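Take the sequences, apply the hints, and build the full model.
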Amino acid sequence: MIRKVILRRFKRFEEVAFDIPGHVVLAGPNNTGKTTLLQALASWNLALTHWKKLNDYNKRRGYTKVPIARQAFSTVPLRNFDLLWHRRNYKKRPIEIEVRRSDGGCICMELIPDSTEQIYVRPRSDVSAELLSQDVLGAVFVPPMTGLAPDEPVLQTAKIEQLMGSGRPGEVLRNLLLEANRNQEAWEALLDSIERLFGYELLPPDSSRADIIAEYRQEKGGRALDIASAGSGFQQVLMLLTLLNTRAGSVLLLDEPDAHLHVILQDAIYGELRKLAAHHESQLILATHSEVVIDTVDPRELCVLLNEPRILADSDERRQLIRSLRVLSNTDLMQAGSARGILYTEDHTDISILRAWADRLDHRALPLLTKELMWKRTVVQPREGAAGIQGRDHYKALTMAQEGIPGLELVDGDANPSILSSEITGRGFQRLRWRRYEIESYLVHPAALARFVEHQVGRSLAEQHIEDLHAHFENEYPPAVLKDPLGEHEYLNTTKARTRLLPPALNAAGLHGFPYTRYNEIAALMIPEEIHPEVTEKLDAICRAFGIDPDEPA
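Everything in the sequence shown is counted per our numbering, starting at 1 for the first residue and increasing by one.
Everything labelled a hint here was simulated from the structure, so no lab data went into it.
What you are looking at is a predicted structure, and each value in this text was computed from that prediction instead of being measured.
You may find that some hints are simply not true.
Said to hold, decoys possible - Derived pair list, reagent style DSBU-like, types lysine-lysine, alpha-carbon separation capped at 35 Å:
id, residue 1, residue 2
1, K483, K396
2, K4, K53
3, K371, K91
4, K496, K92
5, K65, K91
6, K52, K4
7, K53, K11
8, K53, K275
9, K65, K52
10, K91, K59
11, K11, K159
12, K91, K159
13, K53, K65
14, K371, K396
15, K11, K65
16, K275, K11
17, K159, K92
18, K483, K4
19, K4, K275
20, K496, K371
21, K275, K371
22, K91, K53
23, K220, K52
24, K4, K220
25, K52, K11
26, K92, K220
27, K91, K11
28, K159, K65
29, K65, K92
30, K220, K53
31, K92, K59
32, K496, K483
33, K59, K159
34, K11, K59
35, K52, K275
36, K396, K11
37, K4, K65
38, K11, K92
What follows is the structure, given as structure tokens:
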């Protein structure tokens, strides 16, 4: 059986190693490489089988190359071969797919570029000729079930394998049933599984006509129905069980075997597959998104693909993986791989205001906030219509993909003194809290707002607008706030500036309906003396939270 796989320059991977502890379930979001590993193993098997037909085990100065045309390369659907190479670097170096077995044997196959329509394959020169002369470790790639063809003639084995590798299992299911029926043990095992899982009676296929007839009964003695009339879940399970019973000793590469299955069958199918694999001494490597399947698997058989593949340690990590799959997007994974850390704020407008202040203060936080951090809301909505996820829970999920990434949550005061800041250590999940009600509260500065109004209406027209603004302040604000805008004021700590302070002030100045999404423009016109000292404190703390000295040049 396979124990380790190393891929070099294959599709999304420059170089990656997968530990395979026996049966293994690959779990992770879309586009993280689950299917890529299955295709790589199928390609390794195809290349080795094709090369062995040469029957030449003399190394000379390297094993002889054997050509494969694109049309015969059935394991990965390609319009041209350069798509198989990492970042399409087709002409530089060969793809290497290295498979290490439990008996200590290791065979690395090279895929060597020639043209977009042809490549060469051969074992790497350090592979033992004695090992190559042994039987091939068969690998069968099984994609998700497609619709059954209305008619299906009897096919040769090579054609069946080609259609399977091309992602068209629905065109060969009747042929697989015919193959199972020729083996009494395989057929009886298949009948038993179908009766136990569905309560159906599977009838022997009939190949005496131009096309194969494959039927079943929903109850004994009932009307015979064509398998094409069955649900896709039944067809999916039928295909998987037929392959397991007819490919003894193989490595079965199953891409989403739980597709089309309702929850109860998802719970049962992995156990059924595992039982049959043990009986036939086969190995299962399967990719899934199913929480039900993930939750039933021994954590030591779970390989999580987020940024790098790794086997889980225990049930706690399995539970965290399930949470991560619910929470993380592919964008999260891509950003986490290159970001210095993750900053959670109430809204993106908070980031815009912070950037404007950092720019006015010439603060080191400006490049950090502009291009070095990933950002999320303090309540993350993983997808439209989904329930919100607290920032701390999103951060825990993210650490499954990027262990050690620092996180910082910057929250509003919300007139709630029970919300506390944490120690800023540069590690783990940290929190800062504004002392005033919210970030917009620090924009409430009469001189700064007057300058902003002038900028909006033009200097020649500004006088009356600014007079109206000051009249509003005199009528509505406590005198202490107007006398010392940077002081400590209960009024600014308990009043929501975004809705109750700034809109009335701007309306009074003639800027009716000015959107809060543009409040960063107010911050951009403030002079350093008008920016509250707490803003500088927070920018310093943001730097330290991500391992940066705030005193270093911006």
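Taking the hints in turn, this is what the structure says about them:
Pair hint K483 plus K396 does not hold up; C-alpha atoms about 45 Å apart against a cutoff of 35 Å. The straight-line distance between the Cα atoms of K4 and K53 is roughly 25 Å, inside the 35 Å bound, and the hint therefore holds. Proposed proximity of K371 and K91 is supported: the alpha carbons are some 34 Å apart, at most 35 Å. For the hint pairing K496 with K92, the CA-to-CA distance comes to about 60 Å; that exceeds 35 Å, so the pair is violated.
Between the alpha carbons of K65 and K91 the distance comes to roughly 16 Å, so the proposed pair stays at or under 35 Å and holds. Straight-line distance between C-alpha atoms of K52 and K4 comes to about 22 Å, which keeps the hinted pair within the 35 Å bound. A C-alpha spacing of about 26 Å is found between K53 and K11, which places the hinted pair at or below 35 Å, so the restraint holds. With a C-alpha separation of about 34 Å, the suggested pair K53 and K275 falls inside the 35 Å cut-off, and the hint holds.
The suggested pairing of K65 with K52 holds, with an alpha-carbon distance near 11 Å, which does not exceed 35 Å. With a C-alpha separation of about 24 Å, the suggested pair K91 and K59 falls inside the 35 Å cut-off, and the hint holds. As the CA atoms of K11 and K159 are separated by approximately 26 Å, the hinted pair is consistent with the 35 Å bound. A distance of roughly 31 Å separates the Cα atoms of K91 and K159; the hinted pair therefore holds under the 35 Å criterion.
Straight-line distance between C-alpha atoms of K53 and K65 comes to about 12 Å, which keeps the hinted pair within the 35 Å bound. For the hint pairing K371 with K396, the CA-to-CA distance comes to about 23 Å; that is within 35 Å, so the pair holds. Note on K11 and K65: the hinted pairing holds, with a Cα-Cα distance of about 22 Å set against a maximum of 35 Å. A hinted pair counts as satisfied when its Cα atoms are at most 35 Å apart, and K275 with K11 qualifies at roughly 33 Å.
At roughly 33 Å between alpha-carbon atoms, K159 and K92 fall within 35 Å of each other, so this suggested pair holds. For the proposed pair K483 and K4, the alpha carbon gap of about 71 Å is over 35 Å, so the pair is violated. Only pairs whose Cα atoms come within 35 Å are accepted, and K4 paired with K275 is accepted, the gap being roughly 23 Å. A C-alpha spacing of about 30 Å is found between K496 and K371, which places the hinted pair at or below 35 Å, so the restraint holds.
Restraint check: the Cα-Cα separation between K275 and K371 comes to about 51 Å, which exceeds 35 Å; the hinted pair is violated. Distance restraint check for K91 and K53: the Cα-Cα separation of roughly 26 Å lies within the 35 Å cut-off, and the hinted pair is therefore satisfied. With a CA separation close to 48 Å, the supplied pair K220 and K52 exceeds the 35 Å bound. For the proposed pair K4 and K220, the alpha carbon gap of about 46 Å is over 35 Å, so the pair is violated.
Our distance criterion of 35 Å between C-alpha atoms is met by K52 and K11, whose separation comes to about 25 Å. Taking the CA atoms of K92 and K220, the gap is about 62 Å. The hint is violated against a cut of 35 Å. A distance of roughly 14 Å separates the Cα atoms of K91 and K11; the hinted pair therefore holds under the 35 Å criterion. Under the criterion of a C-alpha separation no larger than 35 Å, the hint pairing K159 with K65 is consistent with the structure, at around 24 Å.
Among the hinted pairs, K65 with K92 is consistent with the structure: their alpha-carbon atoms are about 17 Å apart, no more than 35 Å. Restraint check for K220 and K53: the C-alpha separation of about 47 Å exceeds 35 Å, so the hint is violated. Note on K92 and K59: the hinted pairing holds, with a Cα-Cα distance of about 23 Å set against a maximum of 35 Å. Between the alpha carbons of K496 and K483 the distance comes to roughly 20 Å, so the proposed pair stays at or under 35 Å and holds.
At roughly 32 Å between alpha-carbon atoms, K59 and K159 fall within 35 Å of each other, so this suggested pair holds. Simply put, K11 and K59 have alpha-carbon atoms about 28 Å apart, close enough for the 35 Å limit, and the pair holds. With a CA separation close to 32 Å, the supplied pair K52 and K275 stays within the 35 Å bound. For the given pair, K396 sits about 29 Å from K11 by alpha-carbon distance, which is consistent with the 35 Å threshold.
Among the hinted pairs, K4 with K65 is consistent with the structure: their alpha-carbon atoms are about 25 Å apart, no more than 35 Å. About 14 Å separates the Cα atoms of K11 and K92, which keeps this hinted pair within 35 Å; it holds.
This entry does not satisfy hints 1, 4, 18, 21, 23, 24, 26, 30, going by the numbered hints stated previously.
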